[in-house]
Amino acid sequence: MNIPRIVKIKQIINESPTVKTFIFDWDVKDEIPGQFMMVWNFNNEKPMSISYIDPVKNEIGISIRNIGKFTKQIHNLCEGDKLGLRGPYGRGFHIAGSKILVVGGGIGMAPIIAFSDKASGMGIEVHIISAATTHNELLFNDRIEKSDAKLLTCTDDGTSGFCGFGTDLAEKTLSEIDYDMVICCGPEVMMKKLFDIVEKFKIPAQFSMERYMKCGMGLCGQCCVDNVGWRICVEGPVFWTDELRMINEFGQYRRDSSGVKHNIP
Amino acid sequence: MNIPRIVKIKQIINESPTVKTFIFDWDVKDEIPGQFMMVWNFNNEKPMSISYIDPVKNEIGISIRNIGKFTKQIHNLCEGDKLGLRGPYGRGFHIAGSKILVVGGGIGMAPIIAFSDKASGMGIEVHIISAATTHNELLFNDRIEKSDAKLLTCTDDGTSGFCGFGTDLAEKTLSEIDYDMVICCGPEVMMKKLFDIVEKFKIPAQFSMERYMKCGMGLCGQCCVDNVGWRICVEGPVFWTDELRMINEFGQYRRDSSGVKHNIP
Amino acid sequence: MTILEIELCGIKMRNPTMLAAGILGSTASSLNWAGRSGAGAVVTKSFGIEPNKGYSNPTTVEVMGGIINAVGLSNPGVNNFKLELEKLDKSVPAIASVYGANQYEFSDIVSKIENLVDAIELNVSCPHAMGGCGSAIGQDPNLTADIVRTVKKNVKIPVIVKLTPNVTDIVEIAQYAEDAGADALTLINSMGPGMKIDIETGIPILKNRVGGLSGPAIKPIAIRCVFDVFESVDIPIIGVGGIRDYKDVLEFLYAGAQCVQIGTSIMYEGMDIFTNINNGLRRFMDKKGYGSVDEIVGIAH
Amino acid sequence: MTILEIELCGIKMRNPTMLAAGILGSTASSLNWAGRSGAGAVVTKSFGIEPNKGYSNPTTVEVMGGIINAVGLSNPGVNNFKLELEKLDKSVPAIASVYGANQYEFSDIVSKIENLVDAIELNVSCPHAMGGCGSAIGQDPNLTADIVRTVKKNVKIPVIVKLTPNVTDIVEIAQYAEDAGADALTLINSMGPGMKIDIETGIPILKNRVGGLSGPAIKPIAIRCVFDVFESVDIPIIGVGGIRDYKDVLEFLYAGAQCVQIGTSIMYEGMDIFTNINNGLRRFMDKKGYGSVDEIVGIAH
Ligand SMILES: Cc1cc2nc3c(=O)[nH]c(=O)nc-3n(C[C@H](O)[C@H](O)[C@H](O)COP(=O)(O)OP(=O)(O)OC[C@H]3O[C@@H](n4cnc5c(N)ncnc54)[C@H](O)[C@@H]3O)c2cc1C
Ligand SMILES: Cc1cc2nc3c(=O)[nH]c(=O)nc-3n(C[C@H](O)[C@H](O)[C@H](O)COP(=O)(O)OP(=O)(O)OC[C@H]3O[C@@H](n4cnc5c(N)ncnc54)[C@H](O)[C@@H]3O)c2cc1C
Ligand SMILES: Cc1cc2nc3c(=O)[nH]c(=O)nc-3n(C[C@H](O)[C@H](O)[C@H](O)COP(=O)(O)O)c2cc1C
Ligand SMILES: Cc1cc2nc3c(=O)[nH]c(=O)nc-3n(C[C@H](O)[C@H](O)[C@H](O)COP(=O)(O)O)c2cc1C
Ligand code: FES
Ligand code: FES
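Protein chains in written order, with the working numbering: chain A, 1 to 265; chain B, 266 to 530; chain C, 531 to 831; chain D, 832 to 1132.
Some hints here could point you the wrong way.
Unchecked claim - The calculated lysine to any residue pairs, modelled on SDA-like cross-linking and capped at a C-alpha distance of 20 Å, are:
#  : chain 1 : residue 1 : chain 2 : residue 2
1  : C       : Lys817    : D       : Ile1030
2  : C       : Lys612    : B       : Ser523
3  : C       : Lys612    : B       : His527
4  : A       : Lys20     : A       : Asp142
5  : D       : Lys884    : A       : Asp178
6  : A       : Lys99     : A       : Gly164
7  : D       : Lys921    : A       : Asn227
8  : A       : Lys172    : A       : Asn227
9  : B       : Lys273    : D       : Lys1118
10 : A       : Lys82     : A       : Asn41
11 : C       : Lys617    : B       : Ile274
12 : A       : Lys57     : A       : Asn41
13 : D       : Lys1118   : B       : His527
14 : D       : Lys913    : A       : Asn263
15 : C       : Lys642    : C       : Glu616
16 : D       : Lys984    : D       : Asp1000
17 : A       : Lys200    : A       : Val260
18 : C       : Lys737    : B       : Phe335
19 : C       : Lys617    : B       : Asn492
20 : D       : Lys943    : A       : Val260
21 : A       : Lys192    : A       : Asn248
22 : A       : Lys193    : A       : Gly164
23 : A       : Lys69     : A       : Asn44
24 : D       : Lys1038   : D       : Lys921
25 : A       : Lys261    : D       : Lys1118
26 : C       : Lys777    : C       : Ile533
27 : C       : Lys737    : D       : Glu1062
28 : D       : Lys1038   : A       : Asn41
29 : A       : Lys118    : A       : Lys82
30 : C       : Lys583    : B       : Phe335
31 : D       : Lys1119   : B       : Glu344
Simulated from the structure, these hints should not be mistaken for laboratory data.
Quick caveat, the model's predicted, so the values are computed rather than measured.
Isolated chain A (complex conformation) (with noise of 0.2 Å):
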């Protein structure tokens, strides 16, 4: 049913000077890395992406980053306060192919790490490009540590492993190792970018898109994408490159609470 579950924070784990991740006791049913909530200050109500499933603890957990006035207010938040939470929503990645690389583009890693827990968790081979600005906005390293996944890091301003963007490292990592399959959230041009270069290198890829999102339940329309229309709330958030191909908006414009037209820069 999409009502929110009012439930309490359990535990926030300061992840870098602007991200934050929420736990909650949660009935862990058949939540799939990729799959958001939308969660509900008693203010306003936004989506967020499941970064944490735990089916044997019962927890879930979200990452948030302070960008604005509804992420600032939930930043505030202490243990022990409550959101309510409805979800979860949308299509998550498919798992498939024993040797995957993923590419997280700053608050993109929050899908890409749940994505990677459950992967490298199931015996497959996970590289993980964990894209920041810099080293201290590079995200989940501890968990990834704690993974069998392989970290890669890479920073705008080279604090950190590889210096320039992560789609760049990426582009040298398919030229040198054969995946099975890339899987990537991040800033649009970012994930644009690398769907080229995926592209070039005809590696089967998936990307998990955002666009506004009022209802997330498939009615109001707010996240719809030209030309063909989908919802990116039902029938996404995560496409593969051959549905890419017909969201001809994916990387160029997105549209706001209103319904008009941005450019993406």
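Assemble the complex: chain A is given as a structure, and chains B, C and D with the ligands must be docked to it using the hints.
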């Protein structure tokens, strides 16, 4: 769901000059003898006991005495005509014991024959007292003869079997034979008499009551009985003697469609 | 310990649940049964001056989230009903629901039974009543006010007015009723009316073709009515519409209802619904540390 | 062979189902998608003169038998919407749903997009619109008639008026709309409004606190509205409210709707709902020997 299901009359059996049985295809699940259906002829809707249950052929039947406007309209229908049925409703007869006396008077034989068919089919020894005004108003003789139940007929005018009231025959039989239980459906005066008789013999007994019904689903309160307030359509129509003792209007009075009380003659 | 007791217009109730009008309640027996089953108070089936057979069957049919009904206010008339009221066991407060075509009929009925009940509920809101009764009145603020005023002049016990949601502006009617002297409001009667048509035959299933929609399907509307009216009147509100469990009751209390009535869900849950709901309320209030129902009323505002 | 085609105000539709206003439909892409998915026609999200962000979230929440929503008519404004309408693939007829605060706004908008669509639907019935739009108009027969009259004077394509059930008498408004020149009526917009309150916190979940109730829960009311209005007007009726399968469509056709719109149930069934319903209709009509949809319309009367 309490919504009429439209069914075709598959077969009509003339049981007597005043009674016809109507057979329908029906997805038999847990229909129990003693339960009733709400029967809609697209003009009115009234309760009718299930008189026939075949879980193999997936058929049920109801048997209707032509006594007024509604029952006449239904008697005028032909095979292939449609009716709306909803149900089954109410609490049916409990089957218990290995030797049961069942007593049916007039159209009260409808749930009785369904019970007797089921109980004797289970290997229980069933003796039926079937009472009617005259021999050609005796109902279901063929069906009883085909079953393992033993038939004792009884007519007011002596044209078949015992001459006199069913209750007199029942008293005689009960004094001669030991039964585990008595089951009864018939005019309320008859049931009241039998109630007194089984009380005397201290034999467990169940009686099927009738009261004016509107909703059949426990809301309108039209069928509630004094002093307990129970709904005949939900808590009944079948009651044990213990329960009947708490229904102190039993044998005394009944309410009509506006709730006005009328004495039972 | 959590206290479920409330007081409504000076009437003490051991808990905030009532049997709604017209669900059983035509006899003392069924009213007493509801009381024994845990209801904090009982409302009778609505009755009028004369015996009324109501509509022919089908009078009820199930729909998604409830039923539609056109029972048509069947009742044995005030003189017979009086005999029932005399047999009430008085274990819980009883409210007589009455209907009529005008203020004289209402006053006439009420004066005959005033001494037998704890309060009167004026049904000016039945969406399928005949002869100018029911919502034909409750959709007109002036007619409603006239009746309330006349009845108030003639009786000493509290007078509750039950309103229909089938109006453009329920707040207006509520204010008229309050100004006319109503002691409390019951919100809401069944909605619509609605219709269900049989697919095979194309025939509207209810004999009266249309009937009031009740049950969980109407709860959001009922909650909004209570919420809006709570902000505009000072008299207590009795919430009704679609309550099936204690959570639904909480919604009504939060919205501003002092207590609630339960109808259609008795079809799903049986008479145990009162006890189940009261247990649920007690558990919830204990957990949350609420001492009394009054603390909860209106907190959504 | 059964024919699902119908004609509505001279517009040919391959089947009697439409995408309802405000369910997706803000972009050419999603409208084209609905067309490709089997809808016989599509209605746009309602748009007005200026871009409108609508209400903050939560704008939707599920309730028994549907949802309540207060999206608040978010839309990019007529000038942006025009660019979308230009990209319609024209595979099925398109109807532009528009809203405004008065007849001048309505006319202004409509004149800008008249040449891009097959018909106009005037949304004078949104139960949660701001600034005097929506049901603030549709609850007043005269305001409604003024707008219809003015718009009709200014456009050549058919003008459909979408009415709110949240009035004391929908038949009256329907007749005013017809008299003012409406070519067809759409019945009904969402109901109420309704409210849902969170149990844990006591906070109304929708940011706007109240929102329109839609989905299967409102079907009985919608059917009754269509049935009643059918008996009182001569223009075609488009039925909407709670349709989830072909049986629901049949009920609307029986009640007098010429065709139907589908909204909330897309949440349950996805875009396949149109094809599924049309297949169901075809099977049913084949079995029953109906040759065309028109044979079914109004048979409940
Ligand atoms: C499927 C999906 C998953 C997401 N997962 C995460 C996540 O795991 N962590 C995280 O920090 N953020 C995530 N986001 C983005 C997040 O929803 C917004 O960034 C956040 O709501 C911004 O809120 P704000 O009020 O703080 O900032 P604002 O200043 O209001 O917005 C900043 C930008 O965020 C975007 N945004 C704002 N509101 C919404 C909305 N309702 N729906 C979509 N985008 C919006 C817009 O592009 C806007 O320009 C996700 C978005 C989507 C669609
Ligand atoms: C649980 C139950 C099971 C029944 N089973 C059968 C059965 O198997 N066969 C059968 O022929 N009859 C049965 N009846 C009785 C049957 O419902 C009525 O006799 C019949 O509806 C009378 O309809 P009428 O219009 O032809 O006669 P009317 O002249 O209208 O009524 C004759 C009498 O039937 C009774 N009656 C009428 N309407 C109703 C009603 N809605 N509910 C209850 N009683 C009513 C009243 O006592 C009335 O005086 C049953 C009744 C009940 C309550
Ligand atoms: C079968 C039935 C009969 C009703 N009869 C009456 C009545 O006589 N008087 C009245 O005021 N309301 C009557 N109502 C309305 C209920 O009291 C209540 O207001 C409505 O059903 C909404 O509550 P619910 O959803 O809990 O049923 C009746 C409702 C039903 C379902
Ligand atoms: C999320 C949502 C948005 C809606 N937006 C509009 C709208 O913009 N204009 C309009 O006329 N109706 C709007 N409606 C009402 C629907 O078009 C429809 O009349 C109503 O939902 C009943 O149909 P349904 O039960 O099939 O959803 C909206 C409904 C929903 C659920
Ligand atoms: S957010 Fe409403 S359809 Fe996707
Ligand atoms: S017939 Fe309505 S309660 Fe029994």
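Status of the hints after comparison with the structure:
Restraint check for Lys817 of chain C and Ile1030 of chain D: satisfied, since their Cα atoms lie roughly 13 Å apart, inside the 20 Å limit. Straight-line distance between C-alpha atoms of Lys612 of chain C and Ser523 of chain B comes to about 14 Å, which keeps the hinted pair within the 20 Å bound. The hinted pair formed by Lys612 of chain C and His527 of chain B meets the criterion: a straight-line CA distance of about 16 Å does not exceed 20 Å. Distance hint between Lys20 of chain A and Asp142 of chain A is fulfilled; the C-alpha atoms sit about 14 Å from each other, no more than 20 Å.
With a CA separation close to 46 Å, the supplied pair Lys884 of chain D and Asp178 of chain A exceeds the 20 Å bound. Distance check on the hinted pair: Lys99 of chain A and Gly164 of chain A sit about 24 Å apart at the alpha-carbon level, beyond 20 Å; violated. At most 20 Å may separate the alpha-carbon atoms for a hinted pair to count; Lys921 of chain D and Asn227 of chain A meet this at roughly 14 Å. Between Lys172 of chain A and Asn227 of chain A, the direct Cα distance comes to roughly 32 Å. Violation of the 20 Å bound is thereby established for this hinted pair.
A C-alpha spacing of about 15 Å is found between Lys273 of chain B and Lys1118 of chain D, which places the hinted pair at or below 20 Å, so the restraint holds. For the given pair, Lys82 of chain A sits about 8 Å from Asn41 of chain A by alpha-carbon distance, which is consistent with the 20 Å threshold. For the hint pairing Lys617 of chain C with Ile274 of chain B, the CA-to-CA distance comes to about 46 Å; that exceeds 20 Å, so the pair is violated. For a cut-off of 20 Å, the pair hint linking Lys57 of chain A to Asn41 of chain A is broken: about 24 Å separates their Cα positions.
About 49 Å separates the Cα atoms of Lys1118 of chain D and His527 of chain B, which puts this hinted pair outside 20 Å; it is violated. Taking the CA atoms of Lys913 of chain D and Asn263 of chain A, the gap is about 18 Å. The hint holds against a cut of 20 Å. With a C-alpha separation of about 12 Å, the suggested pairing of Lys642 of chain C with Glu616 of chain C holds against the 20 Å cut-off. For the hint pairing Lys984 of chain D with Asp1000 of chain D, the CA-to-CA distance comes to about 27 Å; that exceeds 20 Å, so the pair is violated.
Using a Cα cut-off of 20 Å, the hinted pair Lys200 of chain A and Val260 of chain A is violated, with the two alpha carbons roughly 33 Å apart. At roughly 14 Å between alpha-carbon atoms, Lys737 of chain C and Phe335 of chain B fall within 20 Å of each other, so this suggested pair holds. At roughly 10 Å between alpha-carbon atoms, Lys617 of chain C and Asn492 of chain B fall within 20 Å of each other, so this suggested pair holds. Note on Lys943 of chain D and Val260 of chain A: the hinted pairing holds, with a Cα-Cα distance of about 18 Å set against a maximum of 20 Å.
Using a Cα cut-off of 20 Å, the hinted pair Lys192 of chain A and Asn248 of chain A holds, with the two alpha carbons roughly 11 Å apart. Distance hint between Lys193 of chain A and Gly164 of chain A is fulfilled; the C-alpha atoms sit about 14 Å from each other, no more than 20 Å. Proposed proximity of Lys69 of chain A and Asn44 of chain A is supported: the alpha carbons are some 10 Å apart, at most 20 Å. Restraint check for Lys1038 of chain D and Lys921 of chain D: the C-alpha separation of about 37 Å exceeds 20 Å, so the hint is violated.
Between Lys261 of chain A and Lys1118 of chain D, the direct Cα distance comes to roughly 49 Å. Violation of the 20 Å bound is thereby established for this hinted pair. For the proposed pair Lys777 of chain C and Ile533 of chain C, the alpha carbon gap of about 17 Å is at most 20 Å, so the pair holds. For the hint pairing Lys737 of chain C with Glu1062 of chain D, the CA-to-CA distance comes to about 18 Å; that is within 20 Å, so the pair holds. Only pairs whose Cα atoms come within 20 Å are accepted, and Lys1038 of chain D paired with Asn41 of chain A is accepted, the gap being roughly 11 Å.
For the given pair, Lys118 of chain A sits about 27 Å from Lys82 of chain A by alpha-carbon distance, which is inconsistent with the 20 Å threshold. The straight-line distance between the Cα atoms of Lys583 of chain C and Phe335 of chain B is roughly 16 Å, inside the 20 Å bound, and the hint therefore holds. At roughly 19 Å between alpha-carbon atoms, Lys1119 of chain D and Glu344 of chain B fall within 20 Å of each other, so this suggested pair holds.
Hint compliance for this structure: hints 5, 6, 8, 11, 12, 13, 16, 17, 24, 25 and 29 are not met, and every other hint is.
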